[in-house]
Amino acid sequence: MLGLQRRDPDRLLPADPETRAVARDLYRRVADRPILSPHSHVPAELLAQDEPFGNPAELFVVRDHYVTRLLHAEGVGLDVLGVGSERSAEPREIWRTLARHWHLFAGTASGYWLQEELSEVLEVDEQLTEESADRVYDHIADRLARPEFRPRALFERFGIEVLATTDDPLDDLTHHRALAEAGLPGRVVPTFRPDAYLDPSAPGFPERVERLLAATGSAATFAGYLAALEDRRAYFVDHGAFSADHGVVEPLSAELDAVEAERLFRVALSGDADTDTARLFRAHMLLQMARMSVEDGLVMTVHAGVFRNHSTATFQRYGADTGHDVPLPTTFVEGLRPLLERYGLEPDFNLVLFTVDETTFSRELAPLAGFYPSVYVGAPWWFLDAPDSIARFRSAVTETAGFYRTSGFIDDTRAFLSIPARHDTARRADSAFLARLVREGRLTVSTAEQIADDLVDSIPRRAFKL
Amino acid sequence: MLGLQRRDPDRLLPADPETRAVARDLYRRVADRPILSPHSHVPAELLAQDEPFGNPAELFVVRDHYVTRLLHAEGVGLDVLGVGSERSAEPREIWRTLARHWHLFAGTASGYWLQEELSEVLEVDEQLTEESADRVYDHIADRLARPEFRPRALFERFGIEVLATTDDPLDDLTHHRALAEAGLPGRVVPTFRPDAYLDPSAPGFPERVERLLAATGSAATFAGYLAALEDRRAYFVDHGAFSADHGVVEPLSAELDAVEAERLFRVALSGDADTDTARLFRAHMLLQMARMSVEDGLVMTVHAGVFRNHSTATFQRYGADTGHDVPLPTTFVEGLRPLLERYGLEPDFNLVLFTVDETTFSRELAPLAGFYPSVYVGAPWWFLDAPDSIARFRSAVTETAGFYRTSGFIDDTRAFLSIPARHDTARRADSAFLARLVREGRLTVSTAEQIADDLVDSIPRRAFKL
Amino acid sequence: MLGLQRRDPDRLLPADPETRAVARDLYRRVADRPILSPHSHVPAELLAQDEPFGNPAELFVVRDHYVTRLLHAEGVGLDVLGVGSERSAEPREIWRTLARHWHLFAGTASGYWLQEELSEVLEVDEQLTEESADRVYDHIADRLARPEFRPRALFERFGIEVLATTDDPLDDLTHHRALAEAGLPGRVVPTFRPDAYLDPSAPGFPERVERLLAATGSAATFAGYLAALEDRRAYFVDHGAFSADHGVVEPLSAELDAVEAERLFRVALSGDADTDTARLFRAHMLLQMARMSVEDGLVMTVHAGVFRNHSTATFQRYGADTGHDVPLPTTFVEGLRPLLERYGLEPDFNLVLFTVDETTFSRELAPLAGFYPSVYVGAPWWFLDAPDSIARFRSAVTETAGFYRTSGFIDDTRAFLSIPARHDTARRADSAFLARLVREGRLTVSTAEQIADDLVDSIPRRAFKL
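The listed protein sequences derive, respectively, from chains V, E and H. Each residue of the first sequence is one higher than the one before, starting from 1 at the first, in the numbering used here. Each residue of the second sequence is one higher than the one before, starting from 1 at the first, in the numbering used here. Each residue of the third sequence is one higher than the one before, starting from 1 at the first, in the numbering used here.
It is worth saying that the hints were derived from the structure and are not from the lab. The beta-carbon is built from N, C-alpha and C at its ideal position, and this holds for glycine as well. There may be inaccurate statements among the hints.
Stated by the list, open to error - Estimated spans, in silico, between C-beta atoms of each pair:
| hint | chain 1 | residue 1 | chain 2 | residue 2 | range |
| --- | --- | --- | --- | --- | --- |
| 1 | V | GLY159 | H | GLU250 | 49 to 57 Å |
| 2 | V | ARG317 | E | PHE307 | 37 to 45 Å |
| 3 | V | ARG308 | E | ASP257 | 24 to 32 Å |
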């Protein structure tokens with residue numbers, strides 16, 4: 001139902017014909033520009049090993065919690081979809097299940113991307129229906145078996161200039177080293193993601209920190225802990241990392257004195273931190289992460305405001321990232337103030353703030369980024385990474401902060417094949433927004449052209465120090 | 001001023017001509033489909049007795065707090081409008097007052113519906129002005145006196161297939177029984193609405209619970225209280241009810257052990273519950289209501305986040321539902337978690353969440369409904385039941401949850417004559433939204449057609465188990 | 001880049017040609033109507049002294065924190081921009097800095113207004129670029145030196161009928177007296193702004209209150225303090241003031257008994273008020289201000305929800321109003337309730353509520369203003385005073401509260417030359433909104449015309465008692 005035999009070349013562009021013509025011209029300028037992907041979740045291993053992708057179900061359903069989520073809501077069990085350790089489901093059957101429920105994805109971002117991937121990447125030229133499901137499956141399976149559909153070949157075909165992965169601080173980055181020597185047409189670099197080492201309430205925190213200390217030969221003191229984190233950041237920097245990423249429920253920062261920090265660290269390490277202690281420790285560590293970013297130059301990205309693993313039963317049976325992470329009301333102004341008071345005016349500090357509470361765009365993020373040289377408004381993230389949401393984001397942010405205080409697009413995806421679709425969506429959505437401003441006499445065409453170019457080039461290069 | 005001599009057949013459809021053409025085709029498919037009204041506040045008595053409607057002022061002003069509200073804001077006293085027990089106002093004078101202030105309603109949902117009712121139902125073919133007020137009054141009075149304008153005749157003319165009323169748990173449902181035997185072309189069924197029996201801070205709570213226990217012959221224990229509620233729910237189920245409705249200020253749930261629940265119940269019954277006790281008791285009872293819904297199959301609807309009776313002076317003089325209920329900031333994610341942890345994955349449990357804080361649509365409700373098979377995003381409710389608000393709702397929800405995790409339209413109205421206007425508004429607004437997605441290449445026409453059909457048929461039938 | 005050699009006459013009007021035609025007609029009706037500016041921050045001194053404006057940099061950059069803000073975010077130090085006491089920067093160099101960074105302002109409200117001022121007021125007919133910067137500077141400097149570009153001449157040219165300034169309660173209003181006798185074609189009146197006298201946590205509060213008591217010969221008791229405030233309000237009323245303005249972080253009100261109020265006052269006067277005491281005192285004083293407004297007739301305006309001086313280092317070096325004020329999540333319903341319970345139904349009390357948290361528009365402000373005769377929804381303020389934001393405001397408010405419960409436009413500006421640009425923007429944005437409703441069959445053209453007229457005339461006259 002959802003599928004289009006041929007994709008509309010003007011898809012996502014505004015309805016009004018004159019505005020659409022302007023948007024089309026803007027889009028064409030940037031449609032084929034190289035992809036800068038400064039924040040993704042593609043595993044480096046995928047490109048390092050360069051093995052053929054698995055079957056269509058594995059690729060498009062099983063591993064994509066954006067997709068399994070909606071099927072689950074419809075009543076399809078995650079076990080039936082092959083999620084989790086019990087994977088017994090037959091791939092072709094999973095694919096048929098997707099086809100049978102294809103209407104659920106109409107109008108969603110996931111549905112749009114899937115359609116793009118089928119049509120633009122995998123050359124599927126018929127609509128996905130229950131009737132066509134097997135043919136489409138076979139068609140995709142055939143393509144995936146070909147050398148030109150292996151990860152590295154697609155990396156080149158997609159025109160990726162930079163791809164940042166997201167990695168555990170103790171990752172040895174073997175795959176990244178291998179890729180650096182592999183002669184890819186673009187860079188694949190790691191991102192330092194220390195959340196689990198900073199949150200005393202994370203399961204296994206003491207053991208994890210012990211491993212960190214052991215790996216870096218650091219003392220079991222707060223100073224040793226900081227040194228260990230600095231050591232691993234340096235390792236990441238040596239391997240080409242340009243950013244450190246921080247997922248937090250609340251964007252809170254705090255500055256503790258040395259004695260108090262040491263005390264909290266010992267409580268945390270004992271595994272006895274209560275809620276308030278854990279919260280304060282995290283807040284202090286967010287500020288420490290900012291300090292390290294000021295010192296080592298890694299761009300600091302903060303992804304705030306998601307309640308993870310809302311359904312305990314699902315988490316226990318299928319693990320994390322299984323579709324039940326839900327945004328919370330979020331505010332940055334007071335919580336980030338200690339951090340910004342300390343480092344907000346530092347000249348080479350870049351702090352990119354991502355939100356899934358869109359009320360913060362006009363209320364907080366645009367005003368903060370419109371003053372602090374360090375602060376950038378992160379591109380619409382996760383549930384907000386979709387055409388209408390991007391339009392709302394630009395409308396909410398631009399009148400206060402313009403275009404140049406935003407981060408440029410990030411795809412934030414585990415789904416390698418969706419990278420071009422996501423960047424293309426953003427380029428179309430931004431072209432649509434710019435075209436409206438032109439048509440409303442708020443921008444000249446030449447200014448809009450310059451901005452369209454910058455949004456896919458100088459703007460992300462600067463925000464992420466590419 | 002506001003009135004249109006002839007209604008624009010393309011009203012509420014998008015401006016762009018090509019998009020409008022698509023929207024018009026979609027709208028025409030569904031314009032005359034039967035009305036499913038799974039959540040209204042029309043009294044069953046109205047249809048059971050089938051008496052002529054009162055005068056135009058009574059019908060369109062006195063009983064409609066959406067209307068008296070704005071006149072009151074303009075400085076017209078509620079007494080002058082005939083509200084409350086002191087009703088001395090002359091109906092024709094009230095009608096003239098409305099006509100004199102007709103401009104206040106320009107652009108409002110209330111004004112739009114009134115205009116629709118005058119024009120489409122009552123065949124008024126001139127604009128309401130001070131000059132025309134008396135003629136329009138007489139015209140309406142003439143129509144109301146005719147047999148074809150009695151409630152049952154209109155019920156048939158409106159094409160209502162299902163109409164759910166909202167009823168007190170101790171209601172004997174006489175009128176519903178009478179209607180079941182009356183041979184109406186559609187069903188009129190009750191809805192179980194137990195708020196006043198679940199909230200220890202509601203005036204008269206102990207006496208009300210005593211009546212409940214007496215009526216069901218239950219013991220004055222927490223177990224007896226639960227049994228009494230279950231008993232009354234069963235009575236409602238026997239009379240065709242398919243849902244139980246819950247109005248709460250905060251959408252909070254909690255699970256207490258039996259001893260604690262018993263203790264709180266006794267405190268509540270003594271009339272001594274403090275704020276925290278009342279809050280915890282309500283939270284536990286919301287979870288109990290979910291349990292009962294799982295057991296007896298009644299769809300659970302939650303209407304959250306309204307501060308009722310903001311003006312005490314007005315409440316004391318004129319009673320509840322007199323226009324000063326105001327929405328509050330609302331969040332569902334943490335408060336509903338205990339309930340969803342317990343029952344969110346139950347296969348036949350339907351939980352429809354309504355909000356008047358539209359920030360929750362993209363942030364919370366779409367993500368929750370996009371995972372939990374039990375959760376549906378309720379249609380835009382109350383202040384949000386209006387064309388622009390519906391457009392914002394669809395934009396906020398669809399990219400994350402699609403169309404099939406929403407509830408379908410409900411009219412939520414006491415104003416019987418406004419039912420077709422409200423459903424028509426939703427059908428037009430949804431057609432407008434779908435047409436934009438078509439024009440932007442995001443949906444094929446045939447997919448949009450299927451969704452348009454489903455939005456007035458299979459989607460509400462499923463969410464409300466019709 | 002941003003500049004338009006000739007301004008598009010249809011700027012800010014909707015893209016769809018038919019809708020644009022309607023909007024254009026509506027806009028033309030009101031484009032040249034007198035300007036009512038019931039809330040601005042223009043200093044009376046400017047008009048009283050009527051001296052030529054300083055250089056272009058002083059006029060458009062140094063004194064406008066909307067502009068320095070974005071340059072600062074780009075990394076340009078405020079010292080380089082001549083802000084603060086250290087002003088050593090050369091004006092022409094500041095101007096070149098603006099020109100070099102002109103792209104930052106593309107799409108922003110500030111950029112739009114600047115362009116309007118250059119083009120419409122100062123007759124600049126080329127785009128501002130690095131290359132043209134010096135020529136444009138010289139052109140502006142030449143204009144500013146001419147008598148027809150002095151403040152009073154522009155006051156007349158702009159067609160200002162009323163201009164309210166914002167003044168300290170102890171201001172002697174000399175300039176206003178002088179202006180009253182100067183034979184200007186419009187009124188210039190003061191606004192009573194007592195924030196610093198009502199907040200015990202404001203630096204210097206005890207000394208300031210001492211000065212207030214001394215100036216009015218009042219006793220150092222709470223009763224004396226209230227009498228002193230009443231005395232100064234009367235003085236303002238005598239000088240033509242029609243409103244009293246209140247900037248608060250939280251819109252909280254509270255009613256204390258006399259003993260408790262006296263006690264808090266003494267603590268506040270001792271300089272020892274802790275956070276809770278200060279908060280409660282402010283809340284009580286907001287309610288007292290409402291009482292005084294009921295008694296003396298001054299319209300009460302509340303500007304809520306801004307965290308002032310977020311960057312302490314910047315505040316200490318450059319002072320307040322230097323670009324780092326950031327909105328906070330705001331809610332009015334419970335906090336303003338004590339005030340509204342006491343005075344909300346008073347017949348001649350006008351309370352205009354301004355917000356920079358746009359979530360409150362549909363959730364709280366429209367419902368409150370749609371019931372309380374005293375409450376008006378303030379025009380989009382500060383970060384929300386921009387074309388897209390105005391469209392969102394109208395969409396969020398109108399369906400619940402219509403047009404007649406809003407305040408009419410205020411410019412809220414220190415930048416005298418931007419006054420016509422800001423009013424013109426609002427007129428265009430409102431015409432665009434009305435035209436859409438016409439095109440969607442929701443308003444007749446004649447109703448839209450009446451509303452367009454009222455929005456620049458009877459609506460602000462009523463809300464502000466002009």
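How the hints compare with the structure:
The supplied range of 49 to 57 Å is met by GLY159 of chain V and GLU250 of chain H, whose beta-carbon atoms lie about 51 Å from each other. Under the hint 37 to 45 Å, the C-beta atoms of ARG317 of chain V and PHE307 of chain E, about 40 Å apart, fit the expected range. The given range of 24 to 32 Å is respected by ARG308 of chain V and ASP257 of chain E, whose C-beta atoms sit roughly 28 Å from each other.
Hint compliance for this structure: no hint is broken.
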